[in-house]
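**Student:** Take the sequence shown: its position 31, counted from the start at 1, is 31 in the numbering used here, and no numbers get skipped.
Because the hints were derived from the structure by calculation, they are not lab data. Quick reminder that beta carbons are idealized off the backbone N, C-alpha and C, glycines included. Any given hint could be a false lead.
Stated by the list, open to error - Ranges between beta-carbon positions, derived for each pair:
no., residue 1, residue 2, range
1, Q366, F71, 18 to 24 Å
2, G96, R190, 38 to 44 Å
3, G253, P145, 27 to 33 Å
4, K250, A174, 20 to 26 Å
Unchecked claim - Here are the simulated EDC-like pairs of lysine to aspartate or glutamate, each with C-alpha atoms no more than 16 Å apart in a straight line:
no., residue 1, residue 2
5, K257, D183
6, K75, E118
7, K237, D332
8, K100, D41
9, K65, E252
10, K237, D183
11, K237, D188
12, K254, D183
13, K236, E252
14, K123, D188
15, K153, E118
16, K67, E364
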Amino acid sequence: MAIHGTNRRQFILGSSALLAGAGLTTFGIQSFAVTKVPTIDTLDIKVLVDSSYDSPRPGTNKWVKIKRTPFISSKDYRKALHNEWGLALALESKIGQSSKSMLLDYGYTPAALMGNMEIMNVKPEQQHAMILSHGHFDHFGGLIPFLQAHRSKLPADLTLYVGGEDNFCNRKTASGSPGHFADWGVLDRRELDALKVKIVYCEKPTIIQGHAFTTGVINRGSFEKVIPNTLVEYAKKNGIGCDLPELNTKAEGKFVKDDHIHEHCTAYNLRDRGLIVISSCGHAGIVNSVQQAINVSGVKKVHAILGGFHLFPAPNDYLTQTVEALKQFNPDVVIPLHCSGPGFVTAMQNMLNDRLVTSTTGTEFQFGT
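Whole structure, please, built from the sequences with the hints as guidance.
**Tutor:** Okay, structure coming up:
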């Protein structure tokens, strides 16, 4: 839900209150370094689910080839791409003759996820692994139904890479009535167990399928604040929820403001070009997220930054500060998706327009080709 008319002081105070309510701070989260991250030759990213669609005109950019899938299925005119609040991406990378395909986040509804996969020719049987960025329903809503429909086509040893225990917490979201919050779903590990999905917790940086890596828990060292979003419960009840007793004690067993302590980013090191950092929602801050990818990989060059940056509620001066900070990374391409917001796009157009590439549902980005 957008926050209208928010000034910078209110915005920062709200963010600080969010952290204090959870008994947390933005500092002291340890950063881990991996020995060496893989170097890929190409990366293809398909935007399976996002909130809007644009006409299927081809795009041009010096650094990335851009395609858009036609809105209507070429095989059945009754089928069309679905847009919704949420995000789902299909990733395919290559190192020589080795190719790895993975799904990153799963949108809000299974109808949008699976219908768009069919239209965009993303086949379940070709996926090697799955990644979840964080525990918001608009990123995992389609996951369990997708697995129930296609588990037999997926690898027997299928692995879901999650940021940590926090991804399984119970959450509530604003209902539209002041002071009232509604249930917003919880990812049930028992369903994943029943579907024979192995869960890998990536609090530390983790190599995925020998091609990608995750950042691990993101160090919160910049000016960025966690923008107020949902409420979270750090307890496990009747087998559902997350088991974080220390945080639950600090929260006195109540729902508190959500800090997304185990959100993580997915990243790739593209040969001769540098890091491609994918921030699905960016609650930890997009500047923090990119810096974390640099720190854990040792790769200084940033080629592309894309994903949701969770800046749609942010005031203009905060957006300006964010773009100024992103400029310091000197990225070749910045591609805002999902919750980044039109204000961020405008700030990019004013300050870093030559690096900005826009995207919608059905867009395909080809890096290194």
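**Student:** All hints are to be evaluated individually against the structure, with a verdict given for each.
**Tutor:** Each hint tested on the structure:
no., hint, result
1, Q366 with F71: 18 to 24 Å, "20 Å, holds"
2, G96 with R190: 38 to 44 Å, "40 Å, holds"
3, G253 with P145: 27 to 33 Å, "31 Å, holds"
4, K250 with A174: 20 to 26 Å, "23 Å, holds"
5, K257 with D183, "14 Å, holds"
6, K75 with E118, "10 Å, holds"
7, K237 with D332, "46 Å, violated"
8, K100 with D41, "12 Å, holds"
9, K65 with E252, "51 Å, violated"
10, K237 with D183, "15 Å, holds"
11, K237 with D188, "11 Å, holds"
12, K254 with D183, "14 Å, holds"
13, K236 with E252, "14 Å, holds"
14, K123 with D188, "25 Å, violated"
15, K153 with E118, "14 Å, holds"
16, K67 with E364, "5 Å, holds"
In summary, the numbered hints that this structure violates are 7, 9, 14.
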